[in-house]
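Quick mapping for you: the protein sequence lines, in order, are chains G and L.
Going by our numbering, the first residue of the first sequence is number 1, and it counts up by one from there.
Going by our numbering, the first residue of the second sequence is number 266, and it counts up by one from there.
Please note that a few of the clues may not be correct.
As the list claims (entries may be wrong) - Just so you have them, the derived chain L footprint on chain G, three or more residues with Cβ under 8 Å:
| hint | stretch |
| --- | --- |
| 1 | 99-105 |
| 2 | 111-120 |
| 3 | 124-136 |
In case anyone wonders, no lab produced these hints; they're calculated from the structure.
Given the structure is predicted, the values throughout are model-derived calculations rather than measurements.
Glycine included, every Cβ here is placed at the ideal spot set by N, Cα and C.
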Amino acid sequence: MKDTLNSSPPVIEARGLNLVFQTADGPVHALKDLNLTINRGDFVSFIGPSGCGKTTFLRAIAALEHPTDGTLTVNGMSPDEARKKRAYGYVFQAAGLYPWRTISGNIRLPLEIMGFSKADQDARVERVLDLVELSGFGKKFPWQLSGGMQQRASIARALAFDADILLMDEPFGALDEIVRDRLNEEVLKLWARTGKTIGFVTHSIPEAVYLSTKIVVMSPRPGRITDIIDSPLPKERPLDIRDSREFIEIAHRVREGLRAGHLDD
Amino acid sequence: MSLRTTVYPLLTVLCGIVAVWYAAAVWMNATWVYDQAERSGTTVSFAEMVPQTMTQDRPLLPPPHQVGAELWKGLFGQAVTSKRSLVYHAYITFKGTMMGFGLGIVFGVALAMAIVRFRVVDMSVMPWAVISQTIPIVALAPMIIVVSSQMGLSGRDLPKAIIAAYLSFFPVLVSMVKGLRSPDQMQLDLLKTYGAGEWATFLKLRLPASMPYFFASLKVAVAASLVGTIVGELPTGAIEGLGARMLIGSQFGEPLIMWAALFAAAILAGLLILAVGVLERFARARMGVPA
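Okay, chain G solo, but in the shape it has when bound:
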């Protein structure tokens, strides 16, 4: 291990990545010639219209899909090996909490499967509940919580086993704008406190620009990267940064990238 963050090896690296689904209507080219490097501590957003492969790419990182061609490494290993090393936590669009388990019980789920000791489980549950500001809600059942709180609980569940990569697939897509703004702020705080590498799939340009250090713009048919933007915004980001000139400029560039992807439609 080298001593500075910048010189450490990339966390996620894709080279010439292709992924083709065989469907009844013939092959679908979900990802075409993807090249991308994600470094430790990056907050990377994937943005693009439906069918651009952003979710597929995230799933490939998590070894839920397997590339047909090219290389993909996570912490220098194959995604399958990285899973065994508990390299990542995954947050889906729906909170997907088990209705028959309490909030604590839900967060405990990965810990039980991975075989953490009972005392360790308790300590971890308390810690991540505090991290997502749900202390005191551990004994509640999911239906007793609002949608935003449920999604926070599912983030806590993904954090419980100390994965250093957090993969989030449109985690706030189903929530209203106000709740979404708050959760965006909280995710940034969480990111600052934990120093995790975050991969974040979204439909929303403001969300992508507000959160990310790196924005990956993608376009469909076949799914490919049209632009990679390294954000010049500071790490410290109050909500009103969204009215600043830089913010608007980046948002503009993202929009241009999205439009370019559609020119050949």
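Start from chain G and add chain L according to the hints.
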């Protein structure tokens, strides 16, 4: 919940049934009254006929109060150990029902697990499970009893339980297959990201997710098990249980005995379903379902 929404609707239907029942009793038992009158060379008016349809020893259709009296006599009129006590016979039937119910649950759940796990089992066994339910149990019951006595099994407990299980495993099987398959792709993917194996996926996700389906099937299964047990008590030779009681009533021309046994069976069914309902509510509360 008020009386208006719970008790009144039930009472209204009950009153309707009793009224129709009395009318039917008058109509069906009148034939006997008119025959008697003709034989003795007298005539009876309608007003004279009606009371006579209510008190016959062997009515074609016993009116409610006669069945009620016979049921009362059977339940409370003698020691519960007496061979004439309906409590005694109901207990025999209850025992058989519970054995068949237990056997049906074990068999149904085990088969459902195999079907969900192995595609081969799904394709080969599931159609036969469906076909098994198209064979009338009345045709099958005597065979099961004959075969089991051929195999040297003494007593009727086991064959009765097998017949009951034959009926009760099916609803459990169908519901459990559906329940074990109910988790969606996202939930399965989530467990995959934890590196969960098949057994962990079964224990942590599939099994708990199937519980609502399981409890819903128990009510049907317990009723089917009771029917199976009663059918198992019908073939000649049985002397114990509500089924045997019904058969005796019918063979010896004692409709009151038959009807009383029928109602005892209905009460037993009601109690069993009630008990399963309580069990279900308890389980739901434990699994965090809002009351």
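Hints, one by one, checked against the model:
Evaluation of the coverage hint for the stretch 99-105 of chain G: fulfilled, as 4 residues show C-beta separations to chain L shorter than 8 Å, against a requirement of three. Restraint check on the stretch 111-120 of chain G versus chain L: 3 residues with Cβ-Cβ distances below 8 Å, three needed, restraint holds. Under the rule that three or more residues need a Cβ within less than 8 Å of chain L, the assignment of the stretch 124-136 of chain G is violated, with 0 such residues.
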